[in-house]
Amino acid sequence: MSIMDIEITSRPFSKDRLKKIKEDLRLGKIRRFTAIVNHQKLGFSHNALIAWEKSSLSRKLSCQLRNKDQISHIYLRKSSRLWPFGFYTMLHAKSQRELNALITGLSKLMDDCAYKVLNTLKEFKKTSFNPKEKDNGTG
Amino acid sequence: MADLISKLDELDKKLVILLQESFPLVLRPFQKLGKELGLSEEEVISRIKRLKSLGIIKRIGPIYNPDASGFKRTLIGISAPEGKLKKIVEIINSFKEVTHNYLRKDDIYNLWFTLICPTQRRSDEIIRTIKERSGIKAVVNLPTIKMIKIKTVFKP
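Those protein sequences? They're chains A and B, same order as listed. For any residue, its number in this note's numbering is found by taking its place in the first sequence, counting from 1, and adding 352. For any residue, its number in this note's numbering is found by taking its place in the second sequence, counting from 1, and adding 27.
Honestly, the hints are just simulated from the structure, not real lab data. Don't be surprised by glycine CBs; every beta carbon is placed ideally from N, CA and C. Careful: at least some of the hints might be erroneous.
As the list claims (entries may be wrong) - Each computed DSS-like pair below joins lysine-lysine, with the alpha-carbon atoms no more than 30 Å apart:
#, chain 1, residue 1, chain 2, residue 2
1, B, Lys178, B, Lys34
2, A, Lys468, B, Lys41
3, A, Lys446, B, Lys76
4, A, Lys468, B, Lys62
5, B, Lys79, B, Lys62
6, B, Lys34, A, Lys374
7, A, Lys420, B, Lys164
8, B, Lys176, A, Lys484
9, B, Lys176, A, Lys460
10, B, Lys99, A, Lys430
Unchecked claim - Far from chain B, some chain A residues (derived; all Cβ distances over 10 Å):
#, residue
11, Lys412
12, Gln422
13, Gly457
14, Asn471
Please take these sequences and the hints and turn them into a complete structure.
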């Protein structure tokens with residue numbers, strides 16, 4: 353057990369530890385305190401990173417996208433001349449059909465801009481960022 | 028994978044959702060979760076232990092924000108030929124600053140990894156080293172301009 357993965361026991365936190373977690377949440381050092389799941393094992397078998405040819409987006413659109421459960425990550429990135437895709441969404445679905453429908457829906461919201469579907473074929477590494485570094489957890 | 032889901036009853040599924048949505052930050056979190064689900068503290072604990080042993084829950088803990096400590100983040104796509112894939116994955120994964128690395132379907136860049144570094148210099152250095160050691164020049168570097176969302180609740 354570590355700071356990244358609490359012990360599953362009646363009292364997993366000391367009072368001080370709990371205080372520190374709440375403080376770090378308030379300061380934004382910790383984004384969330386939560387369970388990290390293996391989504392593939394929960395049935396999300398069809399995952400894809402979509403690269404959109406977009407370099408900015410309206411407040412309204414980013415709000416609409418944020419509210420979608422099937423999108424876990426949304427990023428604006430600095431693109432290049434050879435790879436003009438500046439906007440990225442990570443999608444999770446339980447079937448190919450569901451994934452296709454999701455992409456079609458998003459494409460409409462995105463004014464039919466060009467995009468690339470980068471289907472997830474295999475996971476080689478997935479760890480959590482830990483500023484203390486000595487203690488990287490999975491997830 | 029599909030048969031794993033059949034091992035979960037409705038309470039397990041509710042528990043998985045609750046644990047992701049709102050983990051109670053109190054001295055006895057599992058007792059509190061039990062109250063919400065109509066289960067005893069012991070039962071919640073044994074269910075979570077089982078979910079962990081099945082590999083459904085990977086960990087329960089904090090998600091740190093790299094931006095809060097000024098870390099530089101980027102997504103990198105690299106064109107890895109099939110014959111050299113294993114070796115290239117090994118090179119990339121050897122850096123602790125690499126947090127995610129996935130094989131994806133694309134005609135140009137098939138390997139995609141994320142890099143979180145304390146400085147821009149370190150980030151550039153790692154990319155340069157990966158290029159040198161792998162001998163691959165076809166690399167696209169996509170530094171984060173803005174994070175808009177990083178969260179979802181996976182509902183079984």
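Notebook entry, point to check: Under the criterion that the straight-line Cα-Cα distance not exceed 30 Å, is the pair Lys176 (chain B), Lys484 (chain A) satisfied?
Noted result: It holds: about 23 Å lies between the C-alpha atoms, which stays within 30 Å.
Margin query: Tell me if the straight-line CA distance from Lys178 (chain B) to Lys34 (chain B) falls inside 30 Å.
Written below: Holds, at roughly 26 Å.
Margin query: Just to be careful, I want the Cα atoms of Lys468 (chain A) and Lys41 (chain B) compared with a cutoff of 30 Å; is the pair within it?
Written below: With a Cα-Cα distance of about 35 Å, the restraint between Lys468 (chain A) and Lys41 (chain B) is violated, given a limit of 30 Å.
Next item on the list: Assess, step by step, whether the Cα of Lys468 (chain A) is no farther than 30 Å from the Cα of Lys62 (chain B), and give holds or violated.
Entry: violated (46 Å)
Margin query: Would the non-interface assignment of Lys412 (chain A) survive a Cβ cutoff of 10 Å against chain B?
Written below: Answer for Lys412 (chain A): holds, closest chain B Cβ roughly 13 Å.
Check: Given the hinted pair Lys79 (chain B) and Lys62 (chain B), is their alpha-carbon gap at most 30 Å?
Finding: OK: Lys79 (chain B) and Lys62 (chain B) at ~21 Å, within 30 Å.
Margin query: With the threshold set at 30 Å, check whether the alpha-carbon distance from Lys420 (chain A) to Lys164 (chain B) stays at or below it.
Written below: Since the Cα atoms of Lys420 (chain A) and Lys164 (chain B) sit roughly 37 Å apart, the hinted pair is violated (cutoff 30 Å).
Check: Beyond 10 Å from chain B, beta-carbon-wise, is Gln422 (chain A)?
Finding: For Gln422 (chain A), whose nearest Cβ neighbour in chain B is about 7 Å away, the distance does not exceed 10 Å, so it is violated.
Next item on the list: Compare the distance between the alpha carbons of Lys34 (chain B) and Lys374 (chain A) with 30 Å, and conclude whether the hinted pair is satisfied.
Entry: With Cα atoms ~34 Å apart, Lys34 (chain B) and Lys374 (chain A) exceed 30 Å; violated.
Notebook entry, point to check: Going straight from one Cα to the other, do Lys176 (chain B) and Lys460 (chain A) come out at no more than 30 Å?
Noted result: Measuring from Cα to Cα gives roughly 20 Å; hence the hint holds.
Item checked: 30 Å Cα cutoff - pair Lys99 (chain B), Lys430 (chain A) -> holds (13 Å)
Checklist line | Distal placement of Asn471 (chain A) relative to chain B, Cβ over 10 Å | finding: violated (4 Å)
Consistency with the previously given hints fails for numbers 2, 4, 6, 7, 12, 14, ordered from lowest to highest.
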